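> The listed protein sequences correspond, in order, to chains A and B. Residue numbering for the first sequence follows the numbering used here, starting at 1 and increasing by one per position. Residue numbering for the second sequence follows the numbering used here, starting at 356 and increasing by one per position.
Simulated from the structure, these hints should not be mistaken for laboratory data. There's no promise every hint is true.
Think about it this way: if two alpha-carbon atoms lie no more than 25 Å apart in a straight line, the pair counts; the simulated PhoX-like pairs of lysine-lysine are [claimed, not checked]:
1) A:Lys318 - B:Lys698
2) A:Lys333 - A:Lys231
3) B:Lys647 - A:Lys344
4) A:Lys318 - A:Lys220
5) B:Lys696 - A:Lys231
6) A:Lys323 - B:Lys698
7) A:Lys318 - B:Lys696
The calculated label-pair distances, taken between Cβ atoms and stated as ranges, are [to be verified]:
8) A:Gly224 - B:Ala453: 52 to 62 Å
9) B:Gly771 - A:Gln32: 57 to 67 Å
10) A:Lys220 - B:Gln803: 27 to 37 Å
11) A:Lys220 - B:Glu783: 36 to 46 Å
12) B:Val566 - A:Tyr234: 13 to 23 Å
13) B:Lys805 - A:Ala345: 46 to 56 Å
14) A:Thr329 - B:Ile572: 32 to 42 Å
15) A:Thr117 - B:Lys692: 56 to 66 Å
16) A:Glu327 - B:Lys647: 23 to 33 Å
17) B:Gln803 - A:Ala262: 49 to 59 Å
18) B:Lys692 - A:Glu279: 45 to 55 Å
No experiment lies behind these values; they were computed from the predicted model shown. Just so it is clear, CB atoms sit at the ideal spot from N, CA and C, and this is done for glycine as well.
Spelled out, the chains give:
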Amino acid sequence: MSDPARSQFAKKIASADHIDGIRCLRDQMHEQMEALLPSRPVEQLNEQLNEMHDAIISRAIAISEAEMARMGKGSPPVPYAYLLFGSGGRKEQTLSSDQDSGVVYQDSDTNIEEVKTYFKELCTLIVENLIAAGYPPCEGKVLSDNPEWCHSLSEWGEKLNGWFKEPEWEAVRYLLIIADGRCVYGDSALVDALKDMFYTDTLGHPVIIRRMTENTMRHKVLVGIFGQLLKERYGEDAGSLDIKYGAYIPMVNSIRLLAIQANLRETSTLERIRRLVKERHISAEDGLGYEQAFRFIMRLRLMTTEQIENGVYENNGKLPSSKLSKEMTDELKSSLRLGKRLQKAAYKQAMGRLT
Amino acid sequence: MVKKTFLALGLMTIVFPVVAFAADPSGAMLDMGLNSLWVMLAFILVLLMQGGFILLEAGSTRMKNAGHVAGKTIFTVGLAALIYWAVGYGVAFGGANAESTLSKFIGWGDFFVNPGTSGDPASEGFPSAVFFLFQLAFAAISLSIAWGGFAERAKLSSYVVFTLFYIAVIYPVVAHWIWGGGWLADHGAQDFAGSTVVHLSGAVAAFVATVLLKPRIGKFNKDGSANEILGHNQVFTALSVLLLWVGWFGFNAGSTVAIGDGFFTYVAFTTMLGAGAGGVAALMISWAVTGKADITAMLNGTLGGLVAITASCAFVDPWAAVVIGLVSGVLVFYSVKMFEKLKVDDPIYALSVHGMAGIWGTLANGIFATQELADKVGVGTGGLIDTGSWKQLWVQLESVVFAGAFVLVSSFIVLGIMKKVMGFRVTEEQEIIGLDLSEHGVYGYPEQLKKPGQGIQG
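For reference, chain B alone in the conformation it holds in the complex (with noise of 0.2 Å):
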């Protein structure tokens, strides 16, 4: 038994010699593989986020598009992965122009990106492949909150035509702006994991999208009171939050993309406590408001305290993380009803959980961020509470106002033309018989729904 034991570990050294004989690695190739590991962690997080997603739209929507629903996510994540790689990327981060004044407003270089089999330990803190791949999977995260403002209604053509845009064009130039190294990145705009970037850019397009769309059918009566269109699955769309808040981690704590003095465990903190302080808050709200502890109300207050918490993760205290959160679960309670009474139908509450909650977590920056974390972090100052300026709120509002009207227009400019040229939305009666069968031909519940006309011959 012992004599095998000898032969088989003097085997293992000649078959495996670089065990027993590599020169140790040095400290900086040890930082660059960490990095790279807690970074490619972090990207399988984000793009898992978009199970959340497929969980989210389909229970809260009906039965017969929820295999249209689920489908989609797939497809335009697929998509999104092939433009990004081939435009996207570039506007956002490509640095061929760093010298001409056009840099401000967009990048240029790296299309068809090509980032090299390794990272180079001495000038980079991780590989740019794995840089490309956690960025594609942010935007695709906001194209993902877009389509809540598609949903139930729009052609399947029309998410092809709008991923190639918002892709290649209109998500990059915002990143581009704040993160890119663009003009409101000069300005010290503070979004550390993308409340404007992402999720305010996702929900202002899916605000244009419903609008242009119109409500679905039998969303409002005639005399402007609303009807409730319940989603099929409440259970779908708890998991949902779950999925979400576990990829989160990924999306907030990962934007550290280093692991260097351990600073993405405390981003991760207080993501958790915004989380927890907004689904708390919408509860009870809504219990106070309405007389009911409403699920999807705390279901929609957990997911906007993580918003809220996005831009502001790395930049506040524990306690203003709490209130960051239980101010956004109120606000998106009441933004809800603003957009029911407004008469905009947002079947997946994109509006009120990705956009009120991403204005109002972009601005809770100016308020409550310290000035000792905005220089650990190295971007803007400390907000109106730590240091008694205004000035990185009035930073924190441009970012709102441009990202928020830049989107706005070039939206409105891609999906106006795109209704007027191929139409957006399916026909009446491909709306009533669901999507599932009018754009796919086979429903995602076969055996719950019956293809019309079926019942007559048999």
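Okay, chain A solo, but in the shape it has when bound (with noise of 0.2 Å):
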């Protein structure tokens, strides 16, 4: 997509005023996205993206608010920010992400259950508006539409006390999930605020670090002590790659480990790994060397194969090897091999702290 070719969507979707329209305009995003693929430079292309759904998302929500108004039930009565989570927080989200979401509003003095009805209803309205224009809900029931990921601040600061008391599995699955949180819409210092309790919290039990690491690593990368690559045996994908689990979230999760033991407030696993390289938490051959990798893993996410069930994009995360030329296999190898010596590095950090 060209730049005027892009402003001009933007344009477009800003102008919708029905979520048809804006699932009119995201089918023809995924045309042109799919004929880029191949020619494009990948981080720029997943910058493109992102725009999109962002702007696609800030829409959605837009809209609902208006249609919130449209019932009679007003307009939104505090500040509030829609976050997004998982990839749509990092700002990788594919053709094909899913909804992982949260709403963050202002603490009102009065009306406490008034405020708490309308992002209850808003949020159920977003979510709807979204799976319309394509974005399946989370299997895992992150969504602002869940009373659990829809609070006020000082909620919020509630549940995270809560979580750092018992770090049990869950809770630090969802510590986690909050690290990668990004404000798409609405006032974002809410996020900044959600955030500094979110830092202060973590840096201050140095035990939830290695609970993060504990439930981050089951993740293995796929390369075997060959340094084959770890294909599906059998089923439908027999002889595909799980680039999702096996490649891209070992390194998302490990470039995380080591931006939230240095209080990196950025979201996006590359803009992590050059920050953890400018405040010399690695050396810039390492980070050089990342980023390279985490690169070329992005570029194979985009081509997994995709496909639209129940009118929304799904997608499984893996590749068929016989898409991957020759020189693509030995890049992903090494690829694989520096992601596994991250994970081990990032390992050892994060458990070292403690002994």
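The two chains are supplied separately, each in an independent frame; assemble them into the complex guided by the hints.
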């Protein structure tokens, strides 16, 4: 997509006043992006793609707000921020990412229950509209219409305290989700405040880092001891590589661990790597290697098979090895070796802090 | 109290005068008694291995076939006993044609065996009855291995027909060649307890069956990729390996058919090493290649180690037993992958575990056998490493190729005709509802599975 086309596209999204129009635009965007995939540098492509997703999601939220008003429920009673978690939070959405979202709104002294109800209804509408726009809901129910993920700032504070006090498996998973949270719409100062609480608590509880490490290390990099790629052996995807869980997620997890310990607020993996280098947490040479490996894995991730199921864009994160050329296979192997080294380094650093 | 004791002892000597007055048994008599006790124990152990096969086959297949799998094993062992008694034993060990050239290829005589009630210590190491039982148990094991290729889709009637031909002719002919004084025995073929005779024969029959039956519904996708049809109980599968492992001490160590100087304990010792090495190697290789320490692969490797050491357990040094087991574990792992690539559906991995490891174990004699042990057993010569001669390896290759080819061709004829005449495989509907229901009318797990149609009225 050339730059004029890009801005024209953004304009169209901004002026869409119904969710069906947005869906139409998204379908067009898919076709154009797919055509661009082989030729453009992946980072630029990823940036454009995520800009588009952000624009679509923001517009869907604004449309939902307007629908609320039309239904006589008024406008938002207090400022709020709509958060994206997961790949949306990391600005790493593919053509078929699902919804992981939450809301933080300002505390109000009066009408506490009414405010809660308003946001509950608004979020239900937003999630529905986003499904209509082709974003499948998160299977783990990390969604703004789930009361667990829609709170006022002070409620979030209590929530976090609870998780920190009893860091069992689920709580640690939630904390890791919060770390990737990013404001896509609304008052970003609220998200900053939430993040402040998160980082103060995390750095004050060294045991949390260790629990986070234990929680994330179970996704193994898919390269065997002979340097061979570990492919799916059975079923429809036999011969495919699980790019999502065998390459992408392990790198994301390791970099996130390093970033949290360094108190970095960036959420995108590449930005995190650059800041880690800048603040001398990792060497420039390592950082360059990791960046390159991660970019390559992102490219493969964009190549994974996607299909439309029940009207939403789905993707199993798997790439048939027949789609890889000899050069790509070699590059993947060396990227995975780097990923494995990174995972080891992150593990050592996190576990070494307490011993 | 003392009085009562004396009275009791006195009465005992009147009731059981033998205890007090029998003459001491001769050394030969004692020797025969001990031998027969040992072979009897070995027979019991080998028969108990059928329990292992029940668990192995049932555990590796699905719930809907479990009752059928278990029941047919018991039934065919019973049928095999009758057939082996009437015909099979005579073909394997009958000596009525010993003078003719035909005896190189087939035994004759001793049909409807009547072994007599006791042995003659002057001319026999053990009574014939116990030898018959022991040999029968081997035949039944080979048969149960062949069933691996039938699993989950063959008609019950085809089990009956194949048992007739396999136990009456196919297995006994191979047994005759190698153990009954046939032409391979003359060449000095070393197969101590049956890597070729029992395991390879069974596996080749399983191969023919699985090829003629074609894969189970759902095993392979249209694009050629394989699906994993997981067995319904991994604990059964693991227990089966333990049962087989224990039984194998009857299989291998029992094959000395003598107490003698205690050589059977050495045979048991190498057997243990081979089994352990097979399991360890398979776990390591599966972990290294697939990134997961696969339990099924490890269990198959353990069995593969046992199968391979079966031929060589009496002929090799301890270090060689370990090497044979290690190689076998790796071989079985890759063999499973290979058969899957070739789109041969092998539900309980019989082709890899008994076939490939059987071939390897037989050939391993030609490499690792020592002259000293070959002389002790009195069969063949030392292998390549000890003697530097290729002779034994050549003989071993001969037994693999000819025994394998014979079973391949004869099974193909029997099963091929059977397929044409009476049908070999159940219908698609029967396969989907499960053989428990289609062949026997009830599920092995009635509470877990509903009969089709049951839900409609209720």
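> Each of the hints needs a verdict: does it hold here or not?
Each hint, compared with the structure:
Among the hinted pairs, lysine 318 of chain A with lysine 698 of chain B is consistent with the structure: their alpha-carbon atoms are about 24 Å apart, no more than 25 Å. With a C-alpha separation of about 12 Å, the suggested pairing of lysine 333 of chain A with lysine 231 of chain A holds against the 25 Å cut-off. The suggested pairing of lysine 647 of chain B with lysine 344 of chain A holds, with an alpha-carbon distance near 19 Å, which does not exceed 25 Å. At most 25 Å may separate the alpha-carbon atoms for a hinted pair to count; lysine 318 of chain A and lysine 220 of chain A meet this at roughly 15 Å.
Note on lysine 696 of chain B and lysine 231 of chain A: the hinted pairing holds, with a Cα-Cα distance of about 15 Å set against a maximum of 25 Å. The hinted pair formed by lysine 323 of chain A and lysine 698 of chain B meets the criterion: a straight-line CA distance of about 23 Å does not exceed 25 Å. Pair hint lysine 318 of chain A plus lysine 696 of chain B holds up; C-alpha atoms about 21 Å apart against a cutoff of 25 Å. Separated by about 58 Å at the C-beta atoms, glycine 224 of chain A and alanine 453 of chain B satisfy the suggested range of 52 to 62 Å.
Distance hint check: the CB atoms of glycine 771 of chain B and glutamine 32 of chain A are about 60 Å apart, consistent with the given range 57 to 67 Å. Range check, lysine 220 of chain A to glutamine 803 of chain B: Cβ separation about 34 Å, and the 27 to 37 Å hint holds. At roughly 40 Å, the beta carbons of lysine 220 of chain A and glutamate 783 of chain B sit within the given window of 36 to 46 Å. Between valine 566 of chain B and tyrosine 234 of chain A the beta carbon distance is about 21 Å. The supplied range of 13 to 23 Å therefore holds.
For lysine 805 of chain B paired with alanine 345 of chain A, a C-beta distance near 54 Å keeps the hint of 46 to 56 Å intact. Range check, threonine 329 of chain A to isoleucine 572 of chain B: Cβ separation about 35 Å, and the 32 to 42 Å hint holds. Take threonine 117 of chain A and lysine 692 of chain B: their Cβ atoms lie about 59 Å apart, and the range 56 to 66 Å holds. For glutamate 327 of chain A paired with lysine 647 of chain B, a C-beta distance near 28 Å keeps the hint of 23 to 33 Å intact.
Look at glutamine 803 of chain B against alanine 262 of chain A: about 54 Å separates their beta carbons, and that is inside 49 to 59 Å. Checked against the given bound of 45 to 55 Å, the beta carbons of lysine 692 of chain B and glutamate 279 of chain A, roughly 48 Å apart, stay inside it.
In the structure shown, no violation is registered for any of the earlier numbered hints.
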